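Model the full structure from these sequences, guided by the hints.
There are 4 protein chains.
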Amino acid sequence: MQCVRAWRSLNYLCRVAHHRAWKRTQSHTTAARLDLSGIYPPIATPFTAKEDVDYQKLEENLQKYAKIPFKGLVVQGSNGEYPYLTVEERVEVVRTVKQSLPAGRLLIAGSGCESTRATIQLTQKMAAAGADAVLVVTPCFYKGKMDSRALIHHFTKLADSSPVPVVLYSVPANTGLELPLDAVVELSQHPNILGVKDSGGDITRIGLIVHKTKAQDFQVLAGSAGFLMAAYCVGAIGGVCALANVLGQELCELERLCVSGRWEEARVLQQRLIEPNAAVTRKLGVPALKQAMEWFGFHGGSCRSPLQPLTEAESQQLRRDFSSNGWL
Amino acid sequence: MQCVRAWRSLNYLCRVAHHRAWKRTQSHTTAARLDLSGIYPPIATPFTAKEDVDYQKLEENLQKYAKIPFKGLVVQGSNGEYPYLTVEERVEVVRTVKQSLPAGRLLIAGSGCESTRATIQLTQKMAAAGADAVLVVTPCFYKGKMDSRALIHHFTKLADSSPVPVVLYSVPANTGLELPLDAVVELSQHPNILGVKDSGGDITRIGLIVHKTKAQDFQVLAGSAGFLMAAYCVGAIGGVCALANVLGQELCELERLCVSGRWEEARVLQQRLIEPNAAVTRKLGVPALKQAMEWFGFHGGSCRSPLQPLTEAESQQLRRDFSSNGWL
Amino acid sequence: MQCVRAWRSLNYLCRVAHHRAWKRTQSHTTAARLDLSGIYPPIATPFTAKEDVDYQKLEENLQKYAKIPFKGLVVQGSNGEYPYLTVEERVEVVRTVKQSLPAGRLLIAGSGCESTRATIQLTQKMAAAGADAVLVVTPCFYKGKMDSRALIHHFTKLADSSPVPVVLYSVPANTGLELPLDAVVELSQHPNILGVKDSGGDITRIGLIVHKTKAQDFQVLAGSAGFLMAAYCVGAIGGVCALANVLGQELCELERLCVSGRWEEARVLQQRLIEPNAAVTRKLGVPALKQAMEWFGFHGGSCRSPLQPLTEAESQQLRRDFSSNGWL
Amino acid sequence: MQCVRAWRSLNYLCRVAHHRAWKRTQSHTTAARLDLSGIYPPIATPFTAKEDVDYQKLEENLQKYAKIPFKGLVVQGSNGEYPYLTVEERVEVVRTVKQSLPAGRLLIAGSGCESTRATIQLTQKMAAAGADAVLVVTPCFYKGKMDSRALIHHFTKLADSSPVPVVLYSVPANTGLELPLDAVVELSQHPNILGVKDSGGDITRIGLIVHKTKAQDFQVLAGSAGFLMAAYCVGAIGGVCALANVLGQELCELERLCVSGRWEEARVLQQRLIEPNAAVTRKLGVPALKQAMEWFGFHGGSCRSPLQPLTEAESQQLRRDFSSNGWL
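Residue numbers (the UniProt record's numbering), protein chains in the order written: chain A, 1 to 328; chain B, 1 to 328; chain C, 1 to 328; chain D, 1 to 328.
What the hints contain is simulated information worked out from the structure, not anything from laboratory work.
This structure is a prediction, so every number in the text was calculated from the model and none was measured.
Treat the hints loosely; a few may be bogus.
Which copy is meant is left open, so a pair is good if it fits within one copy or across any two.
Computed cross-link-like contacts, SDA-like style, restricted to lysine to any residue with a CA-CA straight-line distance of at most 20 Å [unchecked claim]:
hint, residue 1, residue 2
1, K214, M293
2, K214, E253
3, K125, T86
4, K212, R319
5, K98, A66
6, K145, G301
7, K67, F296
8, K283, L177
Written out as structure tokens, the structure is:
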């Protein structure tokens with residue numbers, strides 16, 4: 001029996017290898033796909049005391065980020081408070097970032113809205129403002145109806161019309177729903193859908209996405225620093241990590257260790273990043289991210305209401321999560 | 001012991017009665033509060049084949065609703081697909097409804113946005129367009145940070161500046177969060193906050209809200225027809241029910257039975273409404289509501305994408321849920 | 001159209017009435033069903049300092065309960081810490097209660113286990129020890145596999161072999177699953193299944209259970225005091241309420257008010273019971289129930305480990321939840 | 001600033017290294033800890049047609065498992081249907097396994113019960129029956145009260161009295177609760193608590209457990225094959241995997257690849273195991289595990305009721321999940 005099973009495994013592996021070779025040929029005949037591999041901070045949006053976008057502070061942050069070996073920037077991921085910006089502000093922030101961006105760096109703009117038509121319109125504006133690709137969150141208000149059928153329809157319509165490639169975005173902590181695996185697999189076959197940012201952190205699912213899309217040259221990005229190393233381990237090619245707004249150099253170092261197979265060193269570094277990451281995301285959210293940015297020399301400042309500043313106790317907790325891991 | 005307990009109960013009841021009498025005096029000296037009691041359909045928004053708002057069909061629906069003894073209309077509750085409308089469309093739909101509304105009926109407009117500033121701005125536009133009150137959903141994208149502190153801040157800022165009274169709106173099936181009880185109780189003391197629409201359906205919580213706000217003349221509206229009778233039973237004063245778009249006359253009849261204490265008849269009618277209600281809300285959502293509207297002589301039509309039309313199987317299920325209860 | 005709809009409603013009501021009359025005739029020809037209507041405390045199990053069952057204190061509690069107009073007692077509902085008792089203890093406690101029970105009162109014994117075979121065996125022992133009926137919780141460890149098919153099979157096998165009638169028991173706060181509605185409806189047709197205790201508190205579901213089983217003379221019991229009045233309102237016929245261990249007289253009074261249609265008075269009393277009830281169930285659990293029992297003249301005492309005594313802060317919270325409603 | 005931060009990191013790493021060296025010295029002076037590293041099948045319990053334990057088929061399975069390079073066997077993990085066995089059966093199965101176990105292999109017996117006293121008693125019986133260690137699931141019925149305080153008390157009492165070392169067991173899919181991280185960290189300091197089996201699959205949490213217990217020589221086992229490679233990557237030392245009942249050789253191969261740093265090969269193998277693993281756990285459960293065992297030459301057979309056999313459609317789904325990955 002063992003023998004039969006070995007033969008089946010071999011047979012399976014040959015089929016897969018053959019399919020991948022064929023795919024590679026195919027894609028060579030079409031345009032080269034954008035290579036997303038690397039680390040991206042989903043940049044925060046600084047505000048003035050009156051809660052207006054502070055473009056000057058934004059530019060000062062951008063100058064600092066330019067010195068860190070990021071692959072690019074994500075503008076208006078969840079940490080950019082995009083649901084609190086008007087459409088005009090969303091586009092203007094992207095335009096501002098584009099002007100400061102060093103050559104060779106990617107600008108990925110969040111353009112997700114609840115309706116398909118609004119998402120298509122904003123995507124076009126983002127492309128016109130200089131986005132190299134768009135990151136599109138799942139619509140979520142009617143979550144009971146956002147099944148694979150609806151989501152495949154939404155993203156396909158968008159990808160059909162988008163002037164720039166699309167990256168899917170699943171962030172259940174904010175949306176209350178996960179882009180279903182079968183929808184990801186189906187959508188991975190669209191020539192204008194490049195990959196997915198998965199912020200759910202279910203490493204089994206991430207491994208399975210990599211596995212089931214391997215014939216499509218589909219790129220998986222970890223959506224949080226807490227599971228970045230594990231995601232690389234199972235086949236992800238980069239990360240969009242809130243914590244990169246604060247410890248960007250360190251996350252690029254973690255990337256380098258993973259990519260070069262130095263897993264022992266990677267593990268030590270990864271472990272020290274879990275608590276700081278949890279603090280600025282799941283535990284204390286965007287206000288904590290912005291507070292930590294201040295401590296590390298960036299402009300964070302306060303959030304738009306209804307997001308509230310940290311309480312004193314929360315601020316101390318945040319400090320402990322950095323200091324107990326040797327970062328402060 | 002039994003005796004001591006009876007005395008304590010009596011003592012408690014006297015204190016409460018005294019407090020309520022005092023409160024009533026107080027509120028008489030200020031402006032009379034808007035009386036919300038009654039049934040409201042949260043009206044659907046009809047679209048053309050190209051997904052534009054179909055104002056003509058909207059008006060035809062409004063003429064039919066005018067013949068049903070509703071207390072008023074809710075415009076841009078969840079069933080109005082408001083997250084799929086632009087700000088301009090949201091205001092224009094309210095303006096259109098206002099023009100057709102019979103005298104004496106209330107227009108309650110949904111004006112909730114994610115940020116406090118956008119909510120304040122839209123509220124002012126809604127008031128200018130003719131809304132008698134606004135219904136304001138909890139912001140929800142950063143759900144981990146939408147605790148009582150943030151939500152009390154949000155609704156207080158809004159109520160402070162709103163030209164019309166505010167009704168709180170908790171709809172966990174869409175937002176993934178419930179407006180916490182302590183926040184409701186605190187906010188009930190704001191003179192410009194009239195009441196709450198609770199769509200969660202937790203009857204224990206609804207009873208407790210009534211109990212803990214009884215000194216404030218705070219008005220509780222059931223957010224769905226499935227628990228309308230039970231809500232009246234524990235002290236609610238009306239309902240905003242998706243099903244009222246379809247079976248409006250029957251829901252007004254249920255109201256009449258509850259208000260006049262004819263509970264046996266009410267129960268028979270209530271029970272026949274549970275399955276149709278579940279079908280057009282939780283189970284099959286807005287597309288089913290709009291399909292059922294067509295069957296009952298209203299304009300429903302299709303939804304904006306990404307909401308998809310019902311499948312054939314879903315449509316049959318919907319029909320069964322109405323016909324097995326004697327409505328079709 | 002209105003006319004056609006009225007005719008359909010009438011037609012529906014006639015069919016239902018006819019069916020019920022026929023059913024009543026049928027059941028008259030078989031044995032009379034046990035009438036469960038009324039209030040039951042799911043009694044707590046007192047322990048000695050060494051965590052052995054304290055049969056003497058149990059009997060002292062029973063003597064006090066005998067003076068309260070309960071319909072009967074539930075022995076080994078969730079509040080009886082039954083998962084912490086051995087099979088022998090479970091049976092011995094039932095035997096003890098039976099000996100003290102006044103004539104005419106029902107003894108309903110919890111006999112649910114994870115496996116069908118263990119449940120059948122324990123049910124037979126409970127019947128032999130004097131139980132008039134058994135209350136059988138849904139198995140729950142393999143919750144992913146406890147679908148309607150499995151649960152219908154489980155309860156049918158049990159009811160087929162049980163010497164006493166069976167009451168279904170759905171308590172999602174403890175089991176993490178709800179007995180599905182379609183399973184309840186299917187099981188309601190079994191001649192040896194009398195009713196259901198529903199502790200989930202979803203009043204829409206409770207109303208629907210009453211509606212969809214009305215042809216079966218199926219009896220629905222509210223599983224908690226927080227929604228007792230609302231449950232009566234939609235058609236329940238009694239309640240098994242943890243709080244009846246503490247405020248039994250008051251819950252029997254609430255029953256009387258509901259049954260006699262004195263809804264206004266009922267509402268006042270119901271509202272004062274919600275917070276004390278939440279405190280001894282959802283919020284602070286069995287240790288709080290036992291603490292409150294001590295305050296009201298019963299033997300509560302401590303729980304078996306791993307249930308821990310209340311902290312000082314929890315104890316104060318518990319006291320506030322009773323005193324702020326006039327009970328202490 | 002970069003410089004200061006580098007210094008802080010260095011300082012942190014030195015402190016940690018020093019602490020670990022000191023700890024190692026300490027543990028050398030006390031008894032050597034049991035080394036758990038490796039792969040374990042949580043063996044299934046075969047039943048006869050009458051649902052009695054089939055000891056003969058059990059032994060035939062054991063003989064086959066003896067040829068696979070497992071570190072040992074887990075007897076009465078969740079896949080052993082232990083909640084459906086009597087205490088006597090639980091002990092007898094362990095005794096039977098002990099008799100067939102090759103020298104040098106570990107027997108880890110599940111001895112968790114709801115109450116602390118029952119868990120202590122069963123642990124003693126398991127040790128007497130030959131268990132080298134016990135695997136103890138979190139009590140879960142009163143989940144609202146199973147906070148860190150209760151669970152730390154439970155496991156500490158147990159570990160204080162247990163004649164064999166204790167492995168903690170967190171399996172939220174069955175219990176509806178996760179052993180809190182702070183409780184794991186606190187309990188890791190108990191000299192008789194060796195490690196934890198974590199079946200939740202949250203890789204960020206697993207990495208953090210490794211990180212925060214590294215001073216304690218605490219051993220983390222992955223509780224499922226779906227995230228085995230990722231768990232090794234972040235510092236786990238083995239796995240207890242349902243799928244090892246079926247594809248034991250392959251899981252031992254995956255272990256070998258991970259331990260020897262051959263991550264590329266590991267990834268290919270890991271990816272092919274995700275769907276078969278999901279099928280026999282989360283998706284289709286123990287009945288599917290037993291069905292797959294039959295296909296691969298082991299005795300699976302049917303489950304105790306209420307677990308039902310697979311439907312024909314489920315069986316085909318199961319087959320597809322194996323065959324599409326090249327295993328059938």
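Hints versus structure:
Neither within a single protomer nor between protomers do K214 and M293 lie at most 20 Å apart by alpha-carbon distance, with minima of 37 Å and 29 Å respectively. Taking the shortest alpha-carbon separations for K214 and E253, neither the intra-copy value of 26 Å nor the inter-copy value of 23 Å comes in at or below 20 Å. Taking the shortest Cα distances, K125 and T86 sit within 20 Å of each other both inside one copy (13 Å) and across copies (16 Å). When the C-alpha separation of K212 and R319 is checked against a cutoff of 20 Å, the pair qualifies only between copies, where the shortest distance is 17 Å, while the shortest distance within a copy is 41 Å.
For the identical chains of this complex, K98 and A66 are intra-copy neighbours only, at 12 Å inside a copy versus 53 Å across copies, given an alpha-carbon limit of 20 Å. Taking the closest pair of Cα atoms, K145 and G301 come within 20 Å of each other only across two copies (17 Å); inside a single copy the shortest separation is 37 Å, beyond that limit. Taking the shortest Cα distances, K67 and F296 sit within 20 Å of each other inside one copy (14 Å), while across copies they are farther apart (56 Å). Proximity of K283 and L177 under a CA criterion of 20 Å is satisfied in both settings, with 19 Å inside one chain copy and 16 Å between copies.
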